[in-house]
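Produce the entire structure from the sequences given, and follow the hints as far as they go.
As given, the protein sequences belong to chains B and L, one line each in that order.
Under the numbering used here, the first residue of the first sequence is numbered 1, with each subsequent residue one higher.
Under the numbering used here, the first residue of the second sequence is numbered 1001, with each subsequent residue one higher.
Just so you know, these hints were derived from the structure itself, not from any lab.
Glycine included, every Cβ here is placed at the ideal spot set by N, Cα and C.
Treat the hints with care, as some may be off.
Label-pair ranges, simulated between beta-carbon atoms [to be verified]:
| id | chain 1 | residue 1 | chain 2 | residue 2 | range |
| --- | --- | --- | --- | --- | --- |
| 1 | L | 1020 | B | 74 | 26 to 34 Å |
| 2 | L | 1107 | B | 113 | 42 to 50 Å |
| 3 | L | 1016 | B | 73 | 45 to 53 Å |
| 4 | B | 64 | L | 1016 | 47 to 55 Å |
| 5 | L | 1048 | B | 57 | 39 to 47 Å |
| 6 | L | 1042 | B | 74 | 17 to 25 Å |
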Amino acid sequence: GAVVSQHPSWVICKSGTSVKIECRSLDFQATTMFWYRQFPKQSLMLMATSNEGSKATYEQGVEKDKFLINHASLTLSTLTVTSAHPEDSSFYICSASRTGMTEAFFGQGTRLTVV
Amino acid sequence: GIQVEQSPPDLILQEGANSTLRCNFSDSVNNLQWFHQNPWGQLINLFYIPSGTKQNGRLSATTVATERYSLLYISSSQTTDSGVYFCAVSNMEYGNKLVFGAGTILRVKS
Chain B
1 GAVVSQHPSW VICKSGTSVK IECRSLDFQA TTMFWYRQFP KQSLMLMATS NEGSKATYEQ
61 GVEKDKFLIN HASLTLSTLT VTSAHPEDSS FYICSASRTG MTEAFFGQGT RLTVV
Chain L
1001 GIQVEQSPPD LILQEGANST LRCNFSDSVN NLQWFHQNPW GQLINLFYIP SGTKQNGRLS
1061 ATTVATERYS LLYISSSQTT DSGVYFCAVS NMEYGNKLVF GAGTILRVKS
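Below you can see the structure in the form of structure tokens.
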């Protein structure tokens, strides 16, 4: 299967600071990447879809100015949580796919704690 | 959008027992995947099975697309099978975005 790598695996930051999470496709070119958020004991909820070279599409209720997504190349998408607050503490996980690929492959996830 | 329901929500098994997890979905799909989320949060791909039957060792899965459900079978369960099992589906109408069910929490006791 395809390999997707996410970095960092975990991060602790202070309230008011920004945090950047990277999602890389290691062995294929990802035309589309998806960002999910998972709160404890809950399922994964899609936050946004990013297509290489274009603006991300956000799901209803997700603040696009708070969660900045950049998909500048076919192997890298980044999620920046701006002005983080404790309620942003969560598990963030990305998946990547390319045109014609219907099976999704996920990164290892990033556990964000805002103190 | 598509609705995905998984059952049971929780399951406790004795080591060596068999189990069946179910996933119902509300619309036609072009993708259905089963995942195991390990204690560190990583999603392990178990099956990509929009239709038909597949087997991989002690695990097998069947999707009946016309009746909009999928089943995951775990035989001779082991303690390492513990964790959360998710079913996720997508269709072209929804932009191929995966929609996850709420998951089944499986605990295998030794």
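Whether the CB-CB distance between residue 1042(L) and residue 74(B) falls inside 17 to 25 Å: Since residue 1042(L) and residue 74(B) have Cβ atoms about 23 Å apart, the given range 17 to 25 Å holds.
Whether the CB-CB distance between residue 1048(L) and residue 57(B) falls inside 39 to 47 Å: violated, 24 Å
Verdict for residue 1016(L), residue 73(B) (Cβ pair) under range 45 to 53 Å: holds, 49 Å
Verdict for residue 1020(L), residue 74(B) (Cβ pair) under range 26 to 34 Å: violated, 40 Å
Satisfaction of the hinted span 42 to 50 Å by the C-beta atoms belonging to residue 1107(L) and residue 113(B): violated, 26 Å
Range hint 47 to 55 Å (beta carbons of residue 64(B) and residue 1016(L)) holds or violated: About 50 Å separates the Cβ atoms of residue 64(B) and residue 1016(L), which means 47 to 55 Å holds.
This entry does not satisfy hints 1, 2, 5, going by the numbered hints stated previously.
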